[in-house]
Amino acid sequence: MKKAPDSLADLGRFSEPALYILISLADGPKHGYAMTQDIAAVTGHKLGPGTLYGALARLEARRWIEALPAEDRRRPYRLTAAGQRVLRSRLDSLRALTRVGRSRLADA
Amino acid sequence: MPGRAMTAGRLLRLYPRAWRERYGDEFLLTVGDGALHAQQVIDIVMGALDAHLSSDVRRATRQRAAAGKGASNMESVFRTVCGDTAFRHTTRDALISAGAMLVGTVLLAALGVWLNRRGWPVAAGISNMMAFPGTLVMVMPIMFLKGQPWRAQVLIVGVTLLILTAIAYLASVA
Chain A
0 MKKAPDSLAD LGRFSEPALY ILISLADGPK HGYAMTQDIA AVTGHKLGPG TLYGALARLE
60 ARRWIEALPA EDRRRPYRLT AAGQRVLRSR LDSLRALTRV GRSRLADA
Chain B
0 MPGRAMTAGR LLRLYPRAWR ERYGDEFLLT VGDGALHAQQ VIDIVMGALD AHLSSDVRRA
60 TRQRAAAGKG ASNMESVFRT VCGDTAFRHT TRDALISAGA MLVGTVLLAA LGVWLNRRGW
120 PVAAGISNMM AFPGTLVMVM PIMFLKGQPW RAQVLIVGVT LLILTAIAYL ASVA
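Sequences listed follow chains A and B, in order. The first sequence begins at 0 in numbering that gives the first Met the number 0 and counts up one residue at a time. The second sequence begins at 0 in numbering that gives the first Met the number 0 and counts up one residue at a time.
Just so you know, the hints here were simulated from the structure itself, not pulled from any lab data. Be aware that one or more of the hints could be misleading.
[Stated by the list, open to error] Facing chain A, from chain B, some residues (calculated, C-beta under 8 Å):
hint: 1; residue: 22
hint: 2; residue: 24
hint: 3; residue: 26
hint: 4; residue: 28
hint: 5; residue: 29
hint: 6; residue: 39
hint: 7; residue: 45
hint: 8; residue: 49
hint: 9; residue: 51
hint: 10; residue: 52
hint: 11; residue: 55
hint: 12; residue: 139
hint: 13; residue: 142
[What the hints assert, rightly or not] Calculated cross-link-like contacts (lysine to aspartate or glutamate; reagent style DMTMM-like; alpha-carbon spacing at most 25 Å):
hint: 14; chain 1: A; residue 1: 45; chain 2: B; residue 2: 32
hint: 15; chain 1: A; residue 1: 45; chain 2: B; residue 2: 92
hint: 16; chain 1: A; residue 1: 29; chain 2: B; residue 2: 32
hint: 17; chain 1: A; residue 1: 29; chain 2: B; residue 2: 42
hint: 18; chain 1: A; residue 1: 45; chain 2: A; residue 2: 70
hint: 19; chain 1: A; residue 1: 29; chain 2: B; residue 2: 20
hint: 20; chain 1: A; residue 1: 29; chain 2: B; residue 2: 24
[Stated by the list, open to error] A short list of chain B residues far from chain A (calculated; beta carbon distances all over 10 Å):
hint: 21; residue: 30
hint: 22; residue: 46
hint: 23; residue: 56
hint: 24; residue: 59
hint: 25; residue: 95
hint: 26; residue: 98
hint: 27; residue: 100
hint: 28; residue: 101
hint: 29; residue: 118
hint: 30; residue: 160
hint: 31; residue: 162
hint: 32; residue: 163
hint: 33; residue: 168
Nothing here was measured: the structure is a model prediction, and the numbers come from that model. All residues carry an ideal CB built from backbone N, CA and C; glycine is no exception.
Assemble the whole structure, with the sequences as input and the hints as a guide.
Right under this line is the structure:
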């Protein structure tokens, strides 16, 4: 059966960088450099340019983000409504996972 | 520093042209003028490899190229929906390939019987053994490989048929 490309997990090794990018764009449009700085500040991970643009292209292909007109050669990206839904869904599942993990740790 | 910028520029040449046209400028700005560490170089090289191989990345660059050429929103949506991802076959494609597989399997099996009667047992064995797997591989461009680059299709189908034929030959002469 064909799997609908509606989950971040479908992005394989790019799923985590893609999650970081969606989180970074959740508070407004940013260009590539601003995203890497924001992601490094929030997660402690500095995305390499190859990984960043691999994830950006995948997110753009799925229309979870969209490019805005370039400003001085820098092109900002913003989250689309579909991207917000995917991010919300992923964060909900992570919250559920965290809850289970914490409760099992408490039981141990 | 010009030397460092040149290194980033050189690495950028590893990416497909469409990718460079789409992301090149911002990529260089994101890499910046700082020294490129070995880890960054590896990441960029891996990214270039991914840009050549990933259908998602090709789709993103094509979307932008279409938009840049003044494509309509409808065309842009059409390109997104019909872009080449893992499986792009329709119900019609599935029916055509199922029919082709049935006909191909029966024809190759019949050819095997005929070759055997003509006194060519090795050729008959190859034909019989290839009847189903050979037909399955040959209909792959209609089904599983639909939307993939034609070179990839030719390579996958050709090499697989070659391997299958070799195995069938070895099994027939044994």
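We went through each hint and held it up to the structure:
About 5 Å separates the beta-carbon of residue 22 (chain B) from the nearest beta-carbon of chain A, less than 8 Å, and the hint is met. Interface hint at residue 24 (chain B): satisfied, since its Cβ lies 5 Å from the closest Cβ of chain A, which is below the 8 Å cut-off. Using the Cβ-Cβ criterion of 8 Å, the hint placing residue 26 (chain B) at the interface with chain A is satisfied: the shortest such distance is roughly 6 Å. Evaluation of the residue 28 (chain B) hint against chain A yields a held restraint, the C-beta minimum of about 6 Å falling below 8 Å.
Interface restraint check for residue 29 (chain B): the shortest CB-CB distance to chain A comes to about 4 Å, inside 8 Å, so the restraint holds. For residue 39 (chain B), the interface hint holds, the least distance from its beta-carbon to any beta-carbon of chain A being 5 Å, beneath 8 Å. With its C-beta approaching chain A no nearer than about 5 Å, residue 45 (chain B) sits inside the 8 Å limit, and its interface hint holds. Of the supplied interface hints, the one on residue 49 (chain B) holds, with its beta-carbon coming within about 5 Å of a beta-carbon of chain A, less than 8 Å.
For the restraint placing residue 51 (chain B) at the interface with chain A, the shortest Cβ-Cβ distance is roughly 11 Å, beyond the 8 Å limit, so the hint is violated. For residue 52 (chain B), the suggested interface contact is broken, since its CB lies about 11 Å from the closest CB of chain A, more than 8 Å. About 5 Å separates the beta-carbon of residue 55 (chain B) from the nearest beta-carbon of chain A, less than 8 Å, and the hint is met. A least Cβ separation of about 16 Å between residue 139 (chain B) and chain A goes past the 8 Å threshold, and the interface hint is therefore violated.
The criterion of a C-beta within 8 Å of any C-beta in chain A is not met by residue 142 (chain B), whose closest approach is roughly 12 Å, and the hint is violated. A hinted pair counts as satisfied when its Cα atoms are at most 25 Å apart, and residue 45 (chain A) with residue 32 (chain B) qualifies at roughly 16 Å. Between residue 45 (chain A) and residue 92 (chain B) the alpha-carbon distance is near 44 Å, which puts this suggested pair outside the 25 Å criterion. Using a Cα cut-off of 25 Å, the hinted pair residue 29 (chain A) and residue 32 (chain B) holds, with the two alpha carbons roughly 20 Å apart.
Restraint check for residue 29 (chain A) and residue 42 (chain B): the C-alpha separation of about 22 Å stays at or below 25 Å, so the hint holds. Only pairs whose Cα atoms come within 25 Å are accepted, and residue 45 (chain A) paired with residue 70 (chain A) is accepted, the gap being roughly 23 Å. Distance restraint check for residue 29 (chain A) and residue 20 (chain B): the Cα-Cα separation of roughly 20 Å lies within the 25 Å cut-off, and the hinted pair is therefore satisfied. Restraint check for residue 29 (chain A) and residue 24 (chain B): satisfied, since their Cα atoms lie roughly 15 Å apart, inside the 25 Å limit.
For residue 30 (chain B), the requirement that its beta carbon stay farther than 10 Å from each beta carbon of chain A is not met, with the minimum near 5 Å. With a minimum CB-CB distance of about 2 Å to chain A, residue 46 (chain B) fails to clear the 10 Å threshold, and the non-interface call is violated. Residue placement check: residue 56 (chain B) does not keep its beta carbon more than 10 Å from all beta carbons of chain A (closest about 4 Å). Annotated as non-interface, residue 59 (chain B) brings its C-beta within 10 Å of a C-beta of chain A; the closest such distance is 4 Å.
For residue 95 (chain B), the non-interface assignment is confirmed: its Cβ lies about 17 Å from the closest Cβ of chain A, beyond the 10 Å cut-off. Every Cβ of chain A is farther than 10 Å from the Cβ of residue 98 (chain B); the closest lies at roughly 21 Å, confirming the non-interface assignment. Even its closest Cβ contact with chain A, about 19 Å, leaves residue 100 (chain B) beyond 10 Å, as expected for a residue assigned away from the interface. At the 10 Å boundary, the C-beta of residue 101 (chain B) stays outside the reach of chain A, the nearest C-beta of that chain being 22 Å off.
Every CB of chain A lies more than 10 Å from the CB of residue 118 (chain B), the least distance being 47 Å, so the non-interface label holds. With a closest Cβ-Cβ approach of about 26 Å to chain A, residue 160 (chain B) is found to remain outside the 10 Å limit, as its non-interface label requires. Every beta carbon of chain A lies more than 10 Å from that of residue 162 (chain B), the smallest distance being close to 27 Å; the non-interface claim holds. Its beta-carbon lying about 26 Å from the closest one in chain A, residue 163 (chain B) satisfies the requirement of being farther than 10 Å from that chain.
Every CB of chain A is more than 10 Å from the CB of residue 168 (chain B) (nearest about 36 Å), matching its label as outside the interface.
The structure is inconsistent with the numbered hints 9, 10, 12, 13, 15, 21, 22, 23 and 24, although it conforms to all the rest.
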